[in-house]
Amino acid sequence: MRSPQFSSFVILVVLLVVFGVADGNFLSPLNISNMMAFLPELGIIALGMTLLLTAGEFDLSVGAVFGLAPVVVMLLAQNAGVDIGVALLAGLLLCISIGTINGVIVTKIGISSFLVTLSMLLIVRGAALYITQGFPLKSWDQPGFFVTLLAGSFNIGAFRFYTSLWWFIGLSLLAVYVLRYAKLGNWISAIGSNRNAAVARGVPADAVKIWLFIATSVLAGLAGMISAFRISAASPVAGTGYELEVIAMVVVGGTALTGGRGTILGTIVGALMLRAIRNGIVLVGVPGLAYNIFVGVIILAMLILHALLQKNAARS
Amino acid sequence: MMQEVLRLQGLQKSFGSVRALKNASLTLKEGEVVALLGDNGAGKSTLIKAISGVFPIDRGDIYVRGEKVSIRSTREAMDLGIETIHQDTSLAPDLSIARNLFLGREPVNLKWLGVFAPLDLAKLRDAASALLKRVGISKKLDADALVSTLSGGERQSIAISRAMQFAAKVIILDEPTNNLGVEETHGVLRFVKEMRDAGHSVLLITHNIHHVFEVADRIIVMRRGEIVAEQTVADTDLLTVESLITGADLSALMKRAQ
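Those protein sequences? They're chains G and F, same order as listed.
My numbering puts the first sequence at residues 1 to 316.
My numbering puts the second sequence at residues 1 to 258.
It is possible that part of the hints are untrue.
[Said to hold, decoys possible] Just the calculated beta-carbon pair ranges, DEER-fashion:
#, chain 1, residue 1, chain 2, residue 2, range
1, F, K123, G, Y130, 49 to 59 Å
2, G, L149, F, N179, 55 to 65 Å
3, G, T258, F, R72, 55 to 65 Å
4, G, A307, F, L121, 22 to 32 Å
5, F, L121, G, T258, 35 to 45 Å
Hints are computed from structural coordinates only; laboratory data are not their basis.
All residues carry an ideal CB built from backbone N, CA and C; glycine is no exception.
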């Protein structure tokens, strides 16, 4: 009952009730559909970030990768006439390369992931701005298999859902499985908890971390593609600031920023919470320009709560 | 006649211009506790890191049960039956006791899934409970408890029982009683004797000479990267050993003082 994901869950429910009571539209099908359309895009990145944080590293370049991947894919498809499938493959390879570079520099050269991925953020964002000259690309108006696969939509009653929700659910299940039930999850937690101990037991810590950096980059690219297909456009500034929002989701859910303790269920709760806060705060009439104040305060309150619970658990 | 388990011959290791290990040779027999003594910088850590596969040696040979081996990783050392328990760093505090006991050697179902294979949680818990019972700490400890909730002595016990569980031929203990209370220290020393009685060979690195006299059969002293003395505990005394460690003739000094 004292687990961090449980306390986060309680607060999520409280928030939903408060917003629901304060504004009748909050729980309307249209608004829920809206939230569910946005949720997967940051949520998918948060899954990768949770695994990475549990292993004791983090990635600030996800927002930039979210922007660059669709820009590259759509430039290839629109301007170079490359088949969209091939262009998506190129985007995937790009994300894999970015993740590999992050991971190799962090593990083999031993520079902190904060500095490495901060530099990568600038490089990747800079690349997106340069190759587009700062302008959004022409809108993508060709439906097709990949568009349906990533951003198709369907109606259930009055609700309108996107296929991205399935991606989020599927990837969440996979992440829960990996972290809690697979051998790899045991390794990830051990590496974040005490890297030397893991290495001494023969756990390939560097390889695991490099693969997690790759997974995080690929998920960021996938989220970027989903977003770009949904709005039928790629912008070089898409995803600006997402890295911090994603990290906030993860730690609000109860994953330790210092590694060793990660919870995917907590991250899902965290993703829902931040989405609900952003949406609900506007509906209840907080001025748009003030809402980051509220978001910050609520995140801080959650972190204080986790810290207090942690302290209590240590004492008992 | 006790069988030879581990033999090191002429091990050398340099870090840049520092010759950390000059020419180290030693033999470890079945069911014996050998204490490795020496001042800071004498080369004890380098020696055990070389045996446990943390880094490769520059020159020299390692034999396990008479067979020449090369140890290039911690994994290879473990597969050869050499388990090392480092001071304070052997366990992951955020994992349960059971998960720590099998870290790196997790029992899994569907092995073909590789690192994605599901842990055999039932087997993990049962084996951990059985092990805790065997080493006599089952009453106090639950296999699902997080290691972060354990005391220093309990953690050492877990690390030591993990080494015993994999039927290691050689167990290397690096300063196992550092930062432990009196009672916990005795617990660990009792454990060392149990390991010997169970037929494991133990290489014990410590600063505390009193512990050596309590549990060790043989003493090996290192100084400046070399092994300078080797004596059975029965044939030596505290002052002699201290003199060997520091390189000064303390017994002569003592005589003069009297």
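A quick look at each hint next to the structure:
For K123 (chain F) and Y130 (chain G), the Cβ-Cβ distance of about 55 Å falls inside the hinted range of 49 to 59 Å, so the restraint holds. For L149 (chain G) and N179 (chain F), the hinted distance range of 55 to 65 Å is satisfied, since their beta carbons lie about 56 Å from each other. Between T258 (chain G) and R72 (chain F), the C-beta spacing of about 32 Å breaks the proposed range 55 to 65 Å. At about 30 Å, the beta-carbon gap between A307 (chain G) and L121 (chain F) stays in the expected band of 22 to 32 Å.
The hint said 35 to 45 Å for the Cβ distance between L121 (chain F) and T258 (chain G), and at roughly 26 Å that hint is violated.
The structure is inconsistent with the numbered hints 3 and 5, although it conforms to all the rest.
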